[in-house]
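Each chain, written out:
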Amino acid sequence: MSRYDAGELYRELAPAVLGYLRSQRLPDPEDVLGEVFLQVARDVHRFDGDDAAVRRWVFAIAHNRIIDDVRRRSRRPQLSDHAVPERSSPPPGDPFDEDLSSALAQLTPEQREVVGLRFVADLPLEAVAELTGRRVGAVKAMQHRALATLARALEEVAHPTDTNDRGA
Amino acid sequence: MDSSDGSTSVLIARLRALGAQTVDDTIARQHLAAIERVSLLPDATSVGVPRLVQVRFRRVRVIAAATAAGLLGASGLAAAGALPDPAQNLAHDALGVVGLHVPRAADDCQQGAADPSASPDCDDAPAVGD
Numbered sequence: 197m198s199r200y201d202a203g204e205l206y207r208e209l210a211p212a213v214l215g216y217l218r219s220q221r222l223p224d225p226e227d228v229l230g231e232v233f234l235q236v237a238r239d240v241h242r243f244d245g246d247d248a249a250v251r252r253w254v255f256a257i258a259h260n261r262i263i264d265d266v267r268r269r270s271r272r273p274q275l276s277d278h279a280v281p282e283r284s285s286p287p288p289g290d291p292f293d294e295d296l297s298s299a300l301a302q303l304t305p306e307q308r309e310v311v312g313l314r315f316v317a318d319l320p321l322e323a324v325a326e327l328t329g330r331r332v333g334a335v336k337a338m339q340h341r342a343l344a345t346l347a348r349a350l351e352e353v354a355h356p357t358d359t360n361d362r363g364a
Numbered sequence: 005m006d007s008s009d010g011s012t013s014v015l016i017a018r019l020r021a022l023g024a025q026t027v028d029d030t031i032a033r034q035h036l037a038a039i040e041r042v043s044l045l046p047d048a049t050s051v052g053v054p055r056l057v058q059v060r061f062r063r064v065r066v067i068a069a070a071t072a073a074g075l076l077g078a079s080g081l082a083a084a085g086a087l088p089d090p091a092q093n094l095a096h097d098a099l100g101v102v103g104l105h106v107p108r109a110a111d112d113c114q115q116g117a118a119d120p121s122a123s124p125d126c127d128d129a130p131a132v133g134d
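Those sequence lines, one after another, are chains A and P. So for the first sequence, our numbering puts the first residue at 197; every next one is plus one. So for the second sequence, our numbering puts the first residue at 5; every next one is plus one.
A few of these clues could be false.
Now the stretches of chain P that chain A is said to cover, found in silico as 3 or more residues with beta-carbon under 8 Å [unchecked claim]:
1) 9–23
2) 79–93
Examples of chain P residues toward chain A, derived with CB under 8 Å [as the list claims (entries may be wrong)]:
3) E40
4) V42
5) S43
6) V66
Which residues of chain P face chain A? A partial, calculated answer using Cβ under 10 Å [said to hold, decoys possible]:
7) I39
8) R41
9) L45
These aren't lab readings, by the way, just hints derived from the structure by calculation. Idealized CB from N, CA, C, for every residue including glycine.
Extracted from the complex, chain A is given alone in its bound form (with noise of 0.2 Å):
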């Protein structure tokens, strides 16, 4: 029997979560909030583990959602008359980073799926390296290269002239 409770996970983990998923620039990220929480709710008594074991468990769910729903999506394509936003807009008042947001669009999927369970859902290496099934030395390089094309975007965000000029 579990000692995690799945309401008490939501409650502590929900933030993170759904900070990796919009990090991960889903279309629906509070939707797949609710489908990875209502997993953990009927797997969570057959859990045993630690702290640091049941976070990891939370986001190999989250991980795996988005898999499936960009899976999902390529195969459907919605047909809409209307422009289909890039993500989904955070609600008013929400405390989202939206240069950043900007600036994680410009990354590889691969490279946005490691820096998001890396530093937004704060996975130690080799635990991005496990989920990803890739080894840490990998992780590693592509979290450097990761860090230096969000910091450049960053930079072309905060001063556009500058380096619209430097590249005129």
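With chain A's structure known, arrange chain P on it following the hints.
Chain P alone, transformed into the frame defined by chain A:
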């Protein structure tokens, strides 16, 4: 620590701050209510449902096996001409449609013995298929 280390630290801090998002109250309440519903059903959605599905599939398998055995048995009896007369005649007509040859009931054969052409299926050695 040089300036690039400093800016990387700031960047990492901004990324970590993404993980401290607030979940909208209304959405959080909906999620928690759904979680509670799932938690109240002991094993209902993770273990229980697959078990239900397994039980249903087991039943379907048993019914399918029983039906197949019944059909095979009936066909065997029909081929041997051992069914009751009405059933034997029914089997003769029904299986004849799909190309399986089984004899008519014995009474029909005896009645039609005077005119063999009236009951051409009254042979001594019943056969299945042509």
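Verification of the hints:
no. : hint  : result
1   : 9–23  : holds (count 10)
2   : 79–93 : violated (count 0)
3   : E40   : holds (7 Å)
4   : V42   : holds (4 Å)
5   : S43   : holds (5 Å)
6   : V66   : violated (29 Å)
7   : I39   : holds (4 Å)
8   : R41   : holds (9 Å)
9   : L45   : holds (9 Å)
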